[in-house]
Amino acid sequence: MSSLITLTTDFGRLDGYVAAMKGVILGINPQAAIVDVSHEVAPQDIAGAAFLLCTVAPYFPVGAIHVVVVDPGVGTERRAIAVSTPTALFVAPDNGVLSYVLRLPHWGAAVPGAPHPSAAVSAPVEEEAAPFPGGIKAVRLTNSAYWRHPVSATFHGRDIFAAIAAHLSRGVPIEEMGEPISSLVTFPIPKPERLPDGSLLGEVIYIDHFGNLITDIRESDLPRGELVIEVAGRQIRGLSVSYAQGDDFLALVGSSGRLEIARRNGSAAEMLGIGVGGRVKVRML
Amino acid sequence: MSSLITLTTDFGRLDGYVAAMKGVILGINPQAAIVDVSHEVAPQDIAGAAFLLCTVAPYFPVGAIHVVVVDPGVGTERRAIAVSTPTALFVAPDNGVLSYVLRLPHWGAAVPGAPHPSAAVSAPVEEEAAPFPGGIKAVRLTNSAYWRHPVSATFHGRDIFAAIAAHLSRGVPIEEMGEPISSLVTFPIPKPERLPDGSLLGEVIYIDHFGNLITDIRESDLPRGELVIEVAGRQIRGLSVSYAQGDDFLALVGSSGRLEIARRNGSAAEMLGIGVGGRVKVRML
Amino acid sequence: MSSLITLTTDFGRLDGYVAAMKGVILGINPQAAIVDVSHEVAPQDIAGAAFLLCTVAPYFPVGAIHVVVVDPGVGTERRAIAVSTPTALFVAPDNGVLSYVLRLPHWGAAVPGAPHPSAAVSAPVEEEAAPFPGGIKAVRLTNSAYWRHPVSATFHGRDIFAAIAAHLSRGVPIEEMGEPISSLVTFPIPKPERLPDGSLLGEVIYIDHFGNLITDIRESDLPRGELVIEVAGRQIRGLSVSYAQGDDFLALVGSSGRLEIARRNGSAAEMLGIGVGGRVKVRML
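These protein sequence lines are chains W, B and C, in that order. Here the first sequence stands for residues 1 to 285, numbered as in this note's numbering. Here the second sequence stands for residues 1 to 285, numbered as in this note's numbering. Here the third sequence stands for residues 1 to 285, numbered as in this note's numbering.
Next up, chain W with everything else stripped away, as it sits in the complex:
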């Protein structure tokens, strides 16, 4: 149990939606500490929110409760869920937004240099199947005793997810929140393809505020030796250590432990004109 709750939404900052959620949480647990992850997720960008969450959750103390409300299906038959792992809890719609975090077997593996299953990739993407790996429990949120009433059909973030997170933060066990479930909606996480010549073909999975292109190629995927990175018709020789070193365009292992393409004092995304899904190839010199 922890009284630490994080919020990730696509609600923006103009309106009172986020504050209403915080009001509900603090009404149930006045001791809760609430941290905003981001409310600037692009509307309905489930994949973007899923990646964002996995760049943040590993840095929170054990037991933190992460609430994600990117929920285009609110009010439909999509399930609302809570998931516990050995290190964290998650409260979200069951729409794939936990795909990244639940693929991480141990949080520690999310940091650069740690071993990761994707190091062993050889060919096309493949989904991990249920049952869950050890220590993961999931419930469908069906016990309305822990919801705020009346429940708006359009704002489960306030009336269900925030209320559930607050009760969890007071120590109510996840099992109280609803019926156990044994599978979740996930989407295939992009993984680089290893080509016959030993090179890696990956893709851009996230573009940050600075215009850095974050790829699905993890540090442990990279061949050892002198590398050439090909992106948008350009070739970048070698990896830089930091954004301040290297040439105009540079490649480095960023703070999420993944290969990034960056531009010195500028936006690589803008200059290269590529977006999420753009291809990046890594080969030996």
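Accuracy of the hints is not assured; some may be wrong.
To be clear about the criterion: a stretch of chain B counts as covered by chain C if any three or more of its residues have a C-beta under 8 Å from a C-beta of chain C, and this derived list gives those stretches [to be verified]: (1) 6–17; (2) 66–78; (3) 149–158.
Source of the hints: derived by calculation from the structure; they are not laboratory data. By construction, the Cβ of each residue, glycine as well, lies at the ideal position given by its N, Cα and C atoms.
Once you have looked at the hints, place chains B and C on chain W.
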């Protein structure tokens, strides 16, 4: 008394104005929990801030202190005020920014499905006159012992409103803050007009981050039966339950308990080209 | 010691960088209270962040810990530092971002009306030399026992600055964090020039969210008497007391204690077409 303080301003997020207010609050009450409602109110948009506040305040625990600094008249003769109700306290300039929240007789009535006085509307708008309804007290902030000194003529948010809120959060009674007053500046709250044929003529009072058009028509105002909603030359048949259901354009009762016009996975405001004040008509099929 | 930590960065609000810093802080000190100053500093705008910090720090209680991560040199030889003064602590890269706050001999002097050294300016800018004024201590952050590991070469904000701030907030003395140093990188702080005819020639040092032009001319610099302010080919007669008084364009002493040029209900920056570095002259009528 509560140590929970919310902030609603038009200060934006670029500068240090909001943080300076928080520094003043935490200097007076280190235990204060501060929640940002929004700092993206359009500069000097008193009506927008007033509505925003009423979508948020009902969801906070009893005793929360809501500070609103949308204050084009700072440094003039406009009054600075504190208001207590049975469920909350407000600290703000006396410029109408509390118009919505003080019309709500009980916070609980702000949620969908609860009865609301406007259900009985018949014709043109009318102001409730002083004296205040039961349990509401208001003072003009004249006791400078509770201000931060020296007081900037341009930033009462930091030197008066934040300091007052912090002292209130430590339990100083509102009566200590200044002279009691018996009327406040308010603006007429838009209410739908019921036409002779039984249809309702309302207007858009707020546009949110998603481009949803929130109207002054409350759930309890709506006739029972099959409805047609007319807006910007379009007709929408029936109410949807959620944003994910219904056609391209849809009408529903949103999380503030009011009729909204929305566009599925898009911005209704942009597509319909209407803004605050745009007319919306509801009639029986 | 204080458990109050503020954050000023150029990370924006889209990504998880700020939240990752907060997670690290709360993992080390669950009691820390964290306040965002701004995350919208223009990328790599060290001077802007330096000014912003000095408009905020004086309003926080004694002992607050201010973390600044505007750090274009991350991963290079630039030093990471912690600085303590009689009233506050700072954790930042050693790139000049503390130039403004460390020029203030006492925090109290930052408020309008208090005496300030720049009142005595006569001609060109001059740097204060080391050793530090009384009560200031600085260390280079070299003791990696207080960092988070592994340390990303691109995100010292998370792995070094946040971790150091959290340990400081638990009472670890600054001397533990690394080797004492006796000088810091600073940049010359703009000061107005006093011309032979007694008039003042200053410049715009910051433009806020409202488009107000904040100059380097402090209240104590201003001659007593009837003034004329010249900016962008316009003449403004006399000082206004507040934004709501005066003509279309107006000059006043703003909440930072400096001369500002503002436009009533609008953006002076936009209408006058001048930016940071633009000249402002003050002369006697």
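Worksheet item: For this structure, which hints from the list above don't hold up?
Response: Violated: none.
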